[in-house]
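Q: Protein sequence lines correspond, in order, to chains Z and C.
Under UniProt numbering, the first residue of the first sequence carries the number 1, and numbering increases by one thereafter.
Under UniProt numbering, the first residue of the second sequence carries the number 1, and numbering increases by one thereafter.
Calculated from the structure, these hints are not laboratory results.
Using N, Cα and C, we set each Cβ at its ideal position, and we do this for glycine too.
Mixed in with the good hints, there may be bad ones.
Examples of chain Z residues lying across from chain C (beta carbon under 10 Å, computed) [unchecked claim]: (1) Lys81; (2) Phe82; (3) Ala85; (4) Ala90; (5) Thr101; (6) Gln103; (7) Ala322.
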Amino acid sequence: MRNLKLPLAAAAVAALVLAGCGTTSERTSDQPSAQGAKACKGADGKYVIGMSQANVAEPYRQRMDDDIKAAAAEVPQFEVKFADAAQDNAKQVADVENYITQQIDLLIISPNEAKPLTAVVKKAYDKGIPVLVLDRKVEGDAYTGFIGGDNVQIGTEAGKYVAEKVLPNGGTVVELKGLAGATPQAERNQGFATGIAANPKIKIIATASGDWLREKGQAQMDALLKANPKIDVVYAHNDPMAEGAYLAAKAVGREKEMKFIGIDALPIPSGGIKAVEQGRLTATFTYPTNGKEAIAAAKKLLVDCTTIDKTQTLPTRLIDKANAAAIYAEENPTG
Amino acid sequence: MTDVQDKPAAIAETGGGVVATLFRFQSVFGLLAVFVAAIIFSPRRDGQILFVSADNLANVVRAVSEIGIIAVGMTFVILIGGIDLSVGAVLGLAAVGSAVLMVESDWGFLPSVVVVLLIGLVFGALQGMATSMIGIQSFIVTLAGLQIARGLARIWSDGQGVAIAYGDGPDEAPESFAILGERTFGGLVPIPVLIFAVVAIAAVVFLRVSAFSRHLYAVGGNEKAARLSGVPVTRVKIAVFAVCGLLAALAGIVHAVQLNQGSPNDGIGYELDAIAAVVIGGTSLAGGRGSVAGTVAGALLLGVLNNILALNNIDSNIQLLIKGLVIVAAAALQRLRPTS
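Take these sequences, add in the hints, and give me the full structure.
A: Okay, structure coming up:
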C-alpha cells in the first residue's frame, strides 16, 4: 500500500487546492425567492433549463421529452438539457444535484417516485431555481408549479363514453387494470365506475391485472375470453393492454364482437391514436405529456416575468375514428 | 489463474519497475487521469470550475458510497474466484427492512440496524454454504439469491415503497437514523462517505494483516491446492459470502436513509455497477489477484465519469456507451499486465 499513498495524497491535495480556488459563490444570496420573479431576466436573457426524466424507456416519457424539446425550439432564449434516471431514484437525485451544480435557470422534473425526490427538489427550489413538476407529484409545496393530468377524470370520461355512446342499451364490460398498487391504476378504475354508474344496465363482468403491459394484457384476455362467452366492451387502463386484448380476441376470431377502449393516446406510430385510426381500438383518451405546457409555464416565469398557477390540471380528450387522423397530424406538425 | 500463491502476493508484489507499478495501480492512475480530464472538461461559470466545487465533489463521493460499500464485499467474493449477483436485491431487502422495522414496527435505531445487518450476514452465509457445501457455482446460487431477496423484499413491504418520516411518534423513524443521511465537518462530508471510507480502510487493513487473507488469495488462486495444503476452504467461502451480504445490507440502510424510503424495487442492477468497479480496480474475475484499494479507485473513477458526463449533458444513451468502453479498456489493460 505504501506505493498507493503518494498518488492518493496528490489527488487529495489537488482536489483541496482546486476546491479552494473555485470559490463556491452560489446564487442563493441574490435570489432568495423561487417564484421566478428574480430569475426572470426578460426577453433579453438566455436560460438553461434542466429536464430530469424518470425513465425514457417508457414511450410516454420519451414523448414528454420530445414535446419539451419541440416546444423549447420555438423559444429562442431557451436551451434545454435532458437527464434520464432509468427508473432509479438514486440516479434521479444525482441528476438533480448535477443540475444544481450547473446552476441551471429552471428545473423541470417528472419524478420516478414522490418521497425519494422530495428533498432534492426542495434543495433546488431553496437555492432559487424555479421548479416545474410534471405528471407525478413530490411531497410538500417546495416547487413552483405542478402540471399533470387527472386520472379520475379520465376514467370517468371513459365510463361516460361507454355508458352513453357505446352501450346505451346496456351490456357487459371486462376491465384490464394497470399494475396493482399504482395510483393511476386505482384512479382510472374508480373514475370508470363513477362514469358508468349512470347506466345501471352495464355490468363489469370480470377484471384482471395486465400490469400496463401489452403481453400481459393479451395473456389475461386469453383467459377472459374462455371464461366469458359474451363481452361487449374491453376497458383497458392503457392502450398497450387494449392492443394486447385485441390481439387475443383476434386470435379466436372474436374481435368484431366487442369494442376496445384504451387510455393514453400517445401521438407516436406505436401509440393509441394510430390504433384508433387503424380501427383496432374504438376509442382512447389522451393522458397529457405536459411537455408543451411545461415550456409555456417556463416562458411565463423566465421571459414574461409573470407567475403561474401552483397546480395546472390538463383536460383529457376523446380520440375516436372521427378525429384520430386530424389529432395525430396536429400533434406531429413536421411529420 | 493457476499459480499457487502462499501469501497475498498480488498486493505485495515486489520490484518490477515503473511499468509494473503502472499496471498494479492502473485504477489509481486511471482515476487521476479521469479526474484531471474532468477538471479540463468541466463547465465553468464566472471563472469557477464547477466540477471541483466542494459541493459537487461531495455529491460525487456520496453518489458512489453505496456502490463502493457493495464493491468492497464483491472484491472479497471475486478474490476467491466467485461472484455475487444478489447484492442489489439484498440492498433492496435491507432498505425495506430498515423502513418497515423503524416506521411500521416502531423499533429503535440500534435494534433495527443490527437485525437488518444480521439478515444480510445470514443471507450471504447461506449462499456461501450452498456454493461451498453443495458445490453449486456461485453464479447460480446468487442468481437464485437475487430472486429470493427481491421476493422477500416485495412480500415484506407489500410491494410498496415504505416512506420514512422522522420523529418520536408512531409511524416515524427515530431522529438518530436521519443523521446517517446528513453531512458533517461543516456540512462538507456526507455521512455515507464516512461509512464507505471506514469500510474500505477496514478491508484494506484486514487484507494486509490478517492470516485469513492468505487463505482468501489461496482459495482464489487454486482451490484444490489450497484445500490440500490445509486451508479451510469451506469456512473461507462461507465467511466471504457472509461479509458480502453484510456489506450489501449496510449499503441498503444507507440507501434507505438517503431516499427517505425503503422500496423493494431499489438496487436493481447495482450488482453490475459493483462488479464494474471491481474489474476497473484491476481485480481478476478468475480470482486470486486484486485489491480493495483498486476497487475503491475503480468506484470513484466510475463516479467521476458519471458526474462529468452529466455536467456536460452528454446524452444518456452515449453515457452508457462510454461507460461500457471504459470497462472493456480496464479489462484489456489487465490482459497486458506482465505476470509476476
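Q: Which of the numbered hints above does this structure break?
A: Hint 7 is the one this structure does not satisfy, whereas the remaining hints hold.
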